[in-house]
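Protein chains in written order, with this note's numbering: chain D, 615 to 842; chain G, 615 to 842.
Watch out, some of these pointers could steer you wrong.
[What the hints assert, rightly or not] Okay, the calculated beta carbon distance ranges per label pair:
(1) G/Gly651 x D/Gly674: 34 to 44 Å
(2) G/Pro830 x D/Asp654: 26 to 36 Å
(3) D/Asp654 x G/Glu756: 41 to 51 Å
(4) G/Arg842 x D/Asp702: 34 to 44 Å
If you are wondering where the hints come from, they were derived from the structure by calculation, not from laboratory data. Virtual Cβ for every residue (Gly too), placed ideally from N, Cα, C.
There are 2 protein chains.
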Amino acid sequence: MTGPRGVGDDAPMRPTWVLFDLNGTLTDPSALGAPWGRPDLGVRILGDAVRGGMTDALTGGDRPFREHVRAAATVVAAQEGLDPDGVDAAMEAAAGLPAWPDARGALEALRGGGYRLAVLTNSGAEAGRATLEAAGLLDLFESVFGVDAVGTFKPDRRTYEHAVSGLDAAPGDVLLVAAHGWDVAGARAAGLGAAWIARGEVVLPPTTPEPDLTAPDLDGLAARLLAR
Amino acid sequence: MTGPRGVGDDAPMRPTWVLFDLNGTLTDPSALGAPWGRPDLGVRILGDAVRGGMTDALTGGDRPFREHVRAAATVVAAQEGLDPDGVDAAMEAAAGLPAWPDARGALEALRGGGYRLAVLTNSGAEAGRATLEAAGLLDLFESVFGVDAVGTFKPDRRTYEHAVSGLDAAPGDVLLVAAHGWDVAGARAAGLGAAWIARGEVVLPPTTPEPDLTAPDLDGLAARLLAR
């Protein structure tokens, strides 16, 4: 497995495209737990939803990611002994998760520095655009790719290949940015560069292939990339 | 997708083999959180470890499941602000999770009723046998299958096919029993029957294909199967 040209921390070159994961990376999932006064449950619900998507990817299922979020919220509420009626409110929140406070500034800085920006989300492309619009970020991206186009979920390599193809780029010209080790693993397996943001997971899962870059937040990511 | 011959709740027939998932289904994962006095974290650590295994399955990785458990324990401890030194103790616990209290009685009852018993675990076969031995259950099973034989993880259909082939059975003669919706999904996709036990997840994830049978615990499973 090799990193992209020039994305390694010791390399002087830089990627053309910065391809962002959406849920949890550009947006704050805490609101998923707000109906129960448990913002800490947001990351967990999102992580369990991702496991649902991976289950579909491995068994031939093809549900909208939203259904996996609902399933995860339902199970987590039951595990925590919380009112199941909160699930509907959590799903309303899921449709409009707010951007992380540093997202817009970091993205504008990257664009100002000559980077081209896109999104690859485990949601469908249309749902992804709606989320970005609600978060006030949609105008910053040239393209938004969803997994619905290939009928599977990240980290299936076909999802990354779909985005790379849509960008008319080589995998090594694209840096995937995610707050999830599983997304770093998928991007690396597909030949893309990968950056890991220390949100949600807090520490890099030790099973994750070495990212080309790590940062505490999106501001930190922008600073690292603009120093190249 | 069709269930196995006779396993449907309305059907009079019964499967030849009952194939048990191990971690969380036959054993209680609470001890994974015991180093921090947080038994509630056990199910969560195990669930995150499974997501790590699915990531390997989708990206060509092939780590022992134990590494995914360690990664999950490391991240969950960081997310909860717990002492990272507890991870080593959690890993010691992981190697010897106790059987659920009703496991031995339920398994003996099933054998007495003419069912043949086997295990298919997301661990390697040898690690699975060691876990069963430590839990005092190994003598009850005719076969123990691990995912190491196929270099992937459940719910990849090849894992179920490996077990079915090893039992010299048809998929429809085998009922997979698991406390995990993703395992039910995998078994059904591979043509096996599937029973879901309401432990850990507490409620059946709504994205799960309809199981052939559900039960609150292993005693309940045995009662349902012996009534056939």
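Report task. Hint by hint, work out which the structure violates, then give me just those numbers in ascending order. Result -> none
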